[in-house]
Amino acid sequence: MELNIFHMYPDLLNLYGDIGNVTCLKKRCEWRGIKINIVDFSLGNEADINCADILFMGGGSDRGQNIVYSHFLKYKNDVSNAIEDSSVFLAICGGYQLLGESYIDANGMKIPGLGVFDYTTESEEKRLIGNIIIKNKLGLNPKTIVGFENHGGRTYHDYNALGSVVVGNGNNGKDELEGMIYKNCLGTYLHGPLLPKNPHLADHIILTALKRKYDIKSLDVINDDLEYAAHEKVFELYTNGKV
Amino acid sequence: MTPSILFGKITKFALNIVGMTGTALPGKVAMIINPDLLLILNSRCKRKVIITGTNGKTTTNNLINHILNSEYEDILSNLMGANMPQGVASAFLNNTKKVYDWGIFEVDEGSFPDVVKYIEPDYVVITNFFRDQLDRFGEIENTSNIVYEAIKPLNTTLILNADDPMVSNFKDLGKKNVYYGVEQTKFSSKTQRVVESRFCPICSNNLEYEYFNYGQLGRYKCNSCDFKNPNYNYRVSEIEYHDDSYHFKVDNSKGQTNDVIFRYDGIYNAYNCCAAIAFSIEAGLDMEQVVERIDNFDYKLGRMENFEFQDKIVKIVLVKNPIGLSEVIKSISNDKRKKSLLFILNDNPADGTDVSWIWDANVEAINDIDNLTSIHCSGIRANDIALRIKYSESSKNNMEINDNMEESIENVLREDVEIIYILPTYTAVFLTRDYIMGHLNHTNARIPRIKELIKSKIGT
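Residue numbers (this note's numbering), protein chains in the order written: chain P, 1 to 243; chain S, 1 to 460.
Below are the DSSO-like pairs computed for lysine-lysine, each with C-alpha atoms no more than 27 Å apart in a straight line:
1) K190/S - K26/P
2) K26/P - K211/P
3) K171/S - K249/S
4) K135/P - K174/P
5) K390/S - K26/P
6) K35/P - K390/S
7) K26/P - K217/P
8) K117/S - K126/P
9) K126/P - K152/S
For the chain S half of the interface with chain P, some residues (derived, Cβ under 8 Å), not all of them:
10) R198
11) W359
12) N383
13) A386
FYI, nobody ran anything at the bench for these hints, they're computed from the structure.
Values in this document were obtained by computation on a predicted structure and should not be read as measured data.
We treat Cβ as the ideally placed atom computed from N, Cα and C, and that holds for glycine.
Make a model of the complete structure from these sequences and hints.
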């Protein structure tokens, strides 16, 4: 068995340890004897998006995102088809915003997104920053997903959310929802190394990609004591008695 | 004595009673009573230099102090690394005189505008801009922009790192510029995993690098416009490492060359030395005097500080961002002695509340360290750093995880090794240091723990 992970624009979109997610997927596959090919997709290193089993896109600075936007627009149909075809896509922060219809910056200027999805993101001056804990709507056990968020944008959409906010802000700080789910595409504001401390989510991504490609039903069990200890610690430190 | 100074002193006295040396709190109190305290300080220093940037501020500050001390007696400085406005004010409360020859202050990038509102620096030294504390500053471009805008109205000389494109573009401000940098040496590399900014700050196109020395510091040029490293006024070259020291040459644009010895690890220190040399010569000292002072420089306060404990050496190295951690791991791999590591990862406000940065560091380089007996992980986020190490595939080493810092320090001191490296984040540095000093002096080591607790609450 093998999987192709397309790391989208790793040189331009890697603000808060996003690379940690790719490292996590790679190691968790290798520990189970699943071969992983990582394709760094970027300017000057374009590859056929049809070959991707998992697409990963991180966040970036405004400047990084602008460069990506003008290049990525050429691949809008390919990305759209891949998502409709149930490819796994994990889009974080800037990547999540970029897949939407538009981004309205703090001055009211409308910056078009790729338009793969019809949601919009509006920027506000106050950034939403801090530890975040959500309850996932993917049916994963444990229910909690822990992470850190740091974004000026507020995203509003009618898709299913990735989770409900327990601690933190999520999509917009108002409706207590975080992220989005469409087929096997996940968007989220939980930036950077989301997957290492959430091995159930990491394995969900791996298993979904493998199911689509091969006829398998489950993954080999590996020792996740350390992963869940880190998960529990965040929960213990930042729930403040909630839940 | 003005009321603000008086109240600051009272706070300081009270903190001393409870066993705290309190680096920033007295200043905080005094600033609340009189936010213009920094103005008084400004008028009492004949000449002033501010050191800002992401990495190397404290080292450069300590070096400059040490060098200038050979010429001047009355120097006011925040040597303890408390680099927000209240930290600068605290330095003054520790030492109130009518007149100082020099005020030497390290100032955090985010606090820079607040400090220069009151203090008019004759010189500003800018070390570098790396990703650090993004939970405070948002993005790295914002960080450099905050400093850039604040320098605009100042009448000052800029001492600029020519090798950092994010710093050298400060030449556009049209101030008097002095450039320092480090030539390609055998420590340079052709590739760099952690590159903070690969875009031209002028036209946003890709920068092309001939070599990297450290992060995005190296020889760069833009393919679209004429942006490239400015010519050096002060230049380090021919770096060698032997006898536990770095040996290199430094020259200035007048053609003088001197040999320098610096007794601490890390290629980033070549930049810190060069910045300190450039500033000191510009400030009127002569080269021989400066070089001699660097030779006999001793680190203070947890920046590569060395202790002898029983038959072992204990080194404390502050780590706080991906580039710093990557470089420290790289320099430890130059040390062939039998060793143990202790990482202490905290997420208090002064450490940065976001610990994501550990995933951007090249922790995989732990695999290049020889004779590594054990790795200990501690601090509030002990599990996070342990997890990072697990995914670097260095799990073949013995790993001990314990979020109780005292116990972790005790345990690592018991290891049968020649040298122990302790890598704490900011708020853990002081505890680590006090605790080890406590061991050396056989005094009660519980006091530091109380200090640590208070410190984490007030976020100094």
